[in-house]
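S.K.: Could you put the whole structure together from the sequences, leaning on the hints where they help?
Protein chains: 6
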Amino acid sequence: MIVIGIHRFFTSLNDLERIIRCPGRFKFEEHNVAAHSWKVSQYAMFFATLEERAGNTINWKALYEKTINHDFAEVFIGDIKTPVKHASPELKEMLAHVEEKMMEKFIREEIPPDFQEVFFERMKEGKDATIEGRLLEFADKLDQFYEAFAELKRGNTDIEFVYMYQNALAKLLLIPLDATVQYFRTEILKDAMQEDTHIDVATLTNEILNKV
Amino acid sequence: MIVIGIHRFFTSLNDLERIIRCPGRFKFEEHNVAAHSWKVSQYAMFFATLEERAGNTINWKALYEKTINHDFAEVFIGDIKTPVKHASPELKEMLAHVEEKMMEKFIREEIPPDFQEVFFERMKEGKDATIEGRLLEFADKLDQFYEAFAELKRGNTDIEFVYMYQNALAKLLLIPLDATVQYFRTEILKDAMQEDTHIDVATLTNEILNKV
Amino acid sequence: MIVIGIHRFFTSLNDLERIIRCPGRFKFEEHNVAAHSWKVSQYAMFFATLEERAGNTINWKALYEKTINHDFAEVFIGDIKTPVKHASPELKEMLAHVEEKMMEKFIREEIPPDFQEVFFERMKEGKDATIEGRLLEFADKLDQFYEAFAELKRGNTDIEFVYMYQNALAKLLLIPLDATVQYFRTEILKDAMQEDTHIDVATLTNEILNKV
Amino acid sequence: MIVIGIHRFFTSLNDLERIIRCPGRFKFEEHNVAAHSWKVSQYAMFFATLEERAGNTINWKALYEKTINHDFAEVFIGDIKTPVKHASPELKEMLAHVEEKMMEKFIREEIPPDFQEVFFERMKEGKDATIEGRLLEFADKLDQFYEAFAELKRGNTDIEFVYMYQNALAKLLLIPLDATVQYFRTEILKDAMQEDTHIDVATLTNEILNKV
Amino acid sequence: MIVIGIHRFFTSLNDLERIIRCPGRFKFEEHNVAAHSWKVSQYAMFFATLEERAGNTINWKALYEKTINHDFAEVFIGDIKTPVKHASPELKEMLAHVEEKMMEKFIREEIPPDFQEVFFERMKEGKDATIEGRLLEFADKLDQFYEAFAELKRGNTDIEFVYMYQNALAKLLLIPLDATVQYFRTEILKDAMQEDTHIDVATLTNEILNKV
Amino acid sequence: MIVIGIHRFFTSLNDLERIIRCPGRFKFEEHNVAAHSWKVSQYAMFFATLEERAGNTINWKALYEKTINHDFAEVFIGDIKTPVKHASPELKEMLAHVEEKMMEKFIREEIPPDFQEVFFERMKEGKDATIEGRLLEFADKLDQFYEAFAELKRGNTDIEFVYMYQNALAKLLLIPLDATVQYFRTEILKDAMQEDTHIDVATLTNEILNKV
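Residue numbers (our numbering), protein chains in the order written: chain A, 145 to 356; chain B, 145 to 356; chain C, 145 to 356; chain D, 145 to 356; chain E, 145 to 356; chain F, 145 to 356.
There may be inaccurate statements among the hints.
Unchecked claim - Which bits of chain A does chain D cover? Going by a derived footprint, with three or more residues having C-beta under 8 Å, they are:
id, segment
1, 156-163
2, 183-196
3, 204-216
4, 258-270
5, 329-337
For the record, the hints were derived by calculation from the structure and aren't laboratory data.
Glycine residues also receive a C-beta, built at the ideal position from the N, C-alpha and C atoms.
M.R.: Listed below in structure tokens is the structure:
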């Protein structure tokens, strides 16, 4: 067995700069998975601070490792188009399984034995029921919210971004993080709705707020 | 059920101009799936002419419909990274199944009833055992060969393109199309090997020729 | 005389991926000639099906060869800016002549003698009075219609796209293909006018419909 | 005083996706500051693990906050060309001062009062003498090393990348982090030197190894 | 001292094609410093003609050398983000000083001794009180006006372009060039305000006209 | 007759930033016509200084106006592919004629009557037998030389750039400008040949030097 090592792992990070999110859709601005992961870490940093102030205990090490690692597996499969993920629960599960298998293969073949355990731990699915897992889920969805928001602001008329915006918003409001969701509702959304946008984001937002 | 119609089908063609082949790999030049489909049609036109001269009967309508339609399903799933496709036979089958289901859903929902049957016929998997199916397979693989060739010629040192080149070449040589493979071996490869390339393509080619 | 061969022809196809349509104009999305040729083949496939159902006989082989080959000559001259084409009938004729001469030279010098005749046949101007020639003309113009439509939808305020849209539309309505033009008028245009667009496409469309 | 709030902070993160590193130089692949920050976090995660195993105590929260925040100030000034930074110690100091002032102004004007203190703490210069500060310095320089490495590997003949590579390498070897530098020397460099590269990276590396 | 010579100077011109104006802001179209310098020369050619007709004497050689050389120093420092320039008068002065020092160093080290004097003369700050200096200032600001105008026309909702537009406009109106400013007010602005734009440029323009 | 005015002329300058030189060829770096015009002005500035020192009289106003205006007509026709220009002397003449007619039409329709004469004078073909005309020819060809040089240096294996390089070089050496050609031969070429390049530029250069 040839262990190619950490050099190989480090150069593979560069691949995520070439995986474009929402492939195949027209957008005024493209985002890559590496930059997305960074923004997710930034959002998580803010909301974890908020939750800590609200009396919750945060495992900061776990939180940041979850956010910076959460899309590493896209190195293997790319950013599957969203409709595929929703096409069938079976496929979604099968894809998750394949992702896991490919990650396992990568760690076994490329990572030196001494580090395999810590890589397995860090690279596993992060969206669990812990507060850090929920913060990851919130932050990841928030970036989808902001990507859609920016397209709508600039006047992207493709209906997919309306769905993406409203879908992300509806999910954000239901994630079990009281202080976070409260702040998002009363502060972030309020400011977002006051922006001058080509597509009427305020109306799209209120449609969801009235439902949830 | 709302049938959105052929206008929706026509605008969806544009999406394939944004699906980039080999996502996540560094390459000097990117190719989209729409342009790829056109090149595949061109290669097929040439080799079908050759096969016809060799005494075979070509169903030209079927041939061209196979080539221009063969990647339309990527509108739904994008260009899955190659390693995923090879990760497991189960996944490959499952992906093919999902692709088929999404195509079916698209045709049922977007295409006017009068045209659904002809769309089902045209959009089904084209790589069957007919001579047109084999020509599609050859032409599709030939474009992979040329994409890898161009990267190696310009000096792309990423090992994936060496694998892609040799893998495509090995498969091309085994496709059951006598006149085509013969011409490819004696004419195309000979000329390709005489080109001035940064990576030594002639040696890579001979390694495969000596094996197959 | 050095015949460089089919390998040279195949690699030249890649050049058409770098010829951008409507050079020099600001556009939200660029299109290359290879992808355009593919979309034209797709449109032609649909409308030929329609015409066949209306009782016309289609030479499918000729149709697809016309569509995939119709802009190959841009390999030699590029996409001349539209105003040049309209500047003078003399120039237009002269350019057509040069294109023809360069194609002839290419075939004589690069294509093996055995294949020269078939290349001459396939690469000649396809927009003749046959039903396949008219379908090519319709499909080619339809792509111009869709390119302009997409820019207007996204809010491109450059007046050239208004001209391009209305000009393409006016010409489409007059092409002698009854079933095709009828379907375009009653189905495609109806759906297109219902889309949410930044520039008021419905009004621009009605202006032309009222004239033709 | 108008406090625009966290929404404004979150949307400003997107600006870092448009700040390109090494502006003005020819490169085969561009990198933005957001993606760079993510890669720096990944490198730091690995080497901090190594240092912890070597018996050092890591403040993981501080480490990750340093890495994800270390270039946020480029939102205000952009990526100043390297020669400017080295032009004079006075200028370097003055630029650092301005960066600090602009950050201060941003926090006072945009961040809600409750969060100002935590933002001041997180956004301050991170490259201090703590082990986390040294790990940040190492990881930041390592990304410069890898950016230069990738250009040299692909054959970028611009001499600046040779300087950038050797300069980063020389500095990496002198950062006071025993386990990290040791691992970099014996594992990473060894693997890097075995790669097939257009520019002779092994020789460039040995020149520095023999000096330091 | 190694004098690398004019070849080095000529190849450095290419660097300015990679320096993007307004780095870090979202824009529908990017502009590089080389193209900007050319447009500035074109504007200056027109307004100098106007001023000459109004009875002023133009030193045409000085005018054109000022315009084509006025941003050459960005080769050394890049396009500093505008807010930095306005952050403090000290910094602005310091940056101007550094730019000057780097230019001096470049001329001493790269330009053959025979040509150093003429380079010093041509590359010095051009925006002086002479009519050519004022025409340069006007033309440079006019390009900022047009860059902002084009973004607003296409619907860029980022508030920075409103500031940039109004700021450039206010400054243009106050530059001491009677015939030029008069023509700009009565002809250029009148035409600009009649264009069909997404953001209401006419209102933004009138706000400034009413103030100045 | 509607005169749209100088505003229209100024906004048309932006179009030249979108006309890409050498359309359809693979290149590592693209150049637009606006930036090209600026570089040509810079080269001309240097060589005119040289010629003046050699005792020639330079009309600097004419020189700079020739260089900044010499490709303005590409606004109308785009950058015709080089092979077209060489395809037949008739076509070349016809294209020149059309360009002239379109320029005439533009000036008559868009430029206010007061300025039409000066525009006719400035926009006419600049490559005449005057020293300024020859300097324009030299500078224009020199930019082609440098564009090809940069591609060869970076390893572009497409044979067209070898032809372009050698062709430009051969023509440069024969332009009747003694001091200029002498300096180019003894200084510029000497430095260029000492650069580290992927394609062996020194050999390509010597092949031409030995012939001319």
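S.K.: Among the hints numbered above, which are violated by the structure, and what are their numbers in rising order?
M.R.: Those not satisfied: there are none.
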